[in-house]
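J.: So the chains spell out like this:
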Amino acid sequence: MTTKVLGLLAFVAMLVALYMIFLFAPTEATQGNAQRIFYIHVPLAIVGAYGSAILLFTGCLAFLTTRDFRWDRFAACSAEMGVVFTTAQLLTAIMWAKPIWGAWYTFDSRGTLQLVLLLIFIAYFMLRSYLPDREKRAKLCGVFGLLGMVDVPINYLSIYLFRTQHPQPVVSPGGGGLDPDMEKTFLVSFIAITLFYAYVFVKRLRLAKIEEEVEYLNQVVLANE
Amino acid sequence: MKPITAIVFKDIVIEMRSKESISSMLMFGILVLVIFLFAFESRGLEKGMVGPGELWVAYSFAAILGLNRSLAMEIDNDCLQGLLLAPLGRGELYIGKVASNFAFMMIAELVVLPVFFILNNLNFDRRFFAIAGVSVLGTLGIAAVGTILSTISGNTRMKEVMLPILQIPLTVPVVIAAVEATSQIMNNDTPEISAWLTILAGFSIVYLTVSYLVFEFAVEE
Amino acid sequence: MFALESDDIRKTFGHFTALGGVTLTVERGEFVALFGRNGAGKTTFLKIAATLVKHTHGKLRIQGVDISEQPEQARRHIGFLSHNTYLYRDLNPVENLTFFARLYGVSDPEARINSLLKRVGLDRRMSHPVRSFSRGLHQRLGIARVMLHDPSLILLDEPYTGLDANAVDILNQMLDEAAAAGKTIILTTHDLDQGLRSATRAVIIDRGKIVFSGNPKDQSTRDAYAGYIRIGTAR
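Top to bottom, those sequences are chains A, B and C.
If you count the first sequence from 1, you need to add 258 to reach the numbering used here.
If you count the second sequence from 1, you need to add 1006 to reach the numbering used here.
If you count the third sequence from 1, you need to add 32 to reach the numbering used here.
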């Protein structure tokens, strides 16, 4: 029941966000309409990429300390969300970069490090797929997920040292540099994407549980043949 | 402490017997440098631009070779089980393997670095020792991560092939920091090198600690 | 203090339950022959006792030391031999044993290694790399490795597999010597006669639980063996 409510809220929020992004927010002076991608790109980065990273870390750490397979499922779902959302975020980054700088890809630290995060998520999946034994898979992926996510803050530190071509974040902790209408649009978009993420995540967790039950039944059938 | 040195000593004796690990790491490292020589020579690119990257590409791939060799040795005859039976903590076992992997990588790099200097027409001045120092820090990080990752990849069907897929994304900060530091040294202009060195050191400390704590999950049956 | 005290040891691998609750007490000096069909759980139990596998429930004590709380301490008392010998092929017997002696902190390693190698009949091959050994020679060196640190509990998982007659004799002699010296031995095997040869107790594991424990000389042991192991799937 709550999932349905969540889904409905996410749907409504997305509609509102879309309206605000395209019709409500003013056009930015230097970047033009291409700047509107920012309202989707940044929340995707924060929620989809970094959010998934935190969830993956939590899942792996929780599994290693409790050995409860539910956390392993949690970790696997977070990694999957991470792959999808980080890919989406990188695609929006490319779409943003081309009209602004005329290049598909610029070797700027933030975008590159998000690419690395994507590679870590994908590596996690490859590892999962080559480990058929449930227990070993959970343990080894738990370790790798932990090691991989510990990498993220270290990578992040490198940002401030490496020369960057990434535009200065318009939304800074100080809250400066953004038109109030833009701020509202950003906030709504952020909430919408967070709700959407949460809805998809919950559904994916449920699906993972069913997948595991099917796997178990398969094993029982095979064992009794 | 004694069991850890026993592990390193045992690995050294085996390596002296078979000479497979260091020689293959060495050859591969030099081959990478040579490939870069041909790949970039015709473009007339300034040496200072490509050099640091080429050195660390050579190091990274040679390291993967070495790690896989080390792992193969423990898989053979299930020797890892023999180590797990000993009255040795799992974390200590990890440190022992890191130490021997690190030692072999350093020995190979001790040859690759001078070759790099020669191929890039650099004088063997203070910069040689500075870059050697960066090599030590960076290699420690690679060994720390590589040892536990090779243990993980050894459990998969793909075995050795899995290692680079797991390792390369994780060692990105090491490569970035090491290349930056090396580049600054080569250009005799080191404004923020201490920051990069801190990242290298921090990476090693973090990964040595985390891996020490979780290694048992990687080796448990 | 018992040599081995297992209290409701359970182990699940994912969905599969390998051990459903094994409670077993082995006194010091006992020679236990552990029988069971393939997949019954004998190897899993032995590996848990050797701390190679972590149990999911229960307690196990070796010489009074809880393996969960002090695994390194427990391992000092254990010698484990399976059909994998855990020997480094590029090293010779002396180097292999010296390495393990260092790991276990064996005092006066050279003397001990020399006498052990002589005992297993490998003194003439001391400097040959293990790579050149046949399976029988491998296993003999494996036996030397197990006894190296003078463990009080010796666990053997199907040690007779692939052994030639000489190696079988050497193994049996060494086990008898160890038993006479008061060591505790737990041995798993498929061969009923081989297992019962020197055993003081016969135990049968079936489907992850102990279903029989008794005197190897009694007919009841042979009957139980026939019932659980020879008859197969009919139940």
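Since the hints were made in silico from the structure, they are not lab data.
Among the hints, a few may not be true.
[To be verified] Going by beta-carbon spacing under 7 Å, a handful of chain C positions derived as facing chain B:
#1 Leu84
#2 Glu104
#3 Arg107
#4 Arg134
#5 Tyr257
#6 Tyr260
Yeah, the Cβ is synthetic: ideal placement off N, Cα and C, and Gly gets one too.
J.: For every hint, state whether the structure bears it out.
T.: Here's how the hints hold up against the structure:
| no. | hint | result |
| --- | --- | --- |
| 1 | Leu84 | holds (6 Å) |
| 2 | Glu104 | holds (4 Å) |
| 3 | Arg107 | holds (4 Å) |
| 4 | Arg134 | holds (4 Å) |
| 5 | Tyr257 | violated (28 Å) |
| 6 | Tyr260 | violated (26 Å) |
Consistency with the previously given hints fails for numbers 5, 6, ordered from lowest to highest.
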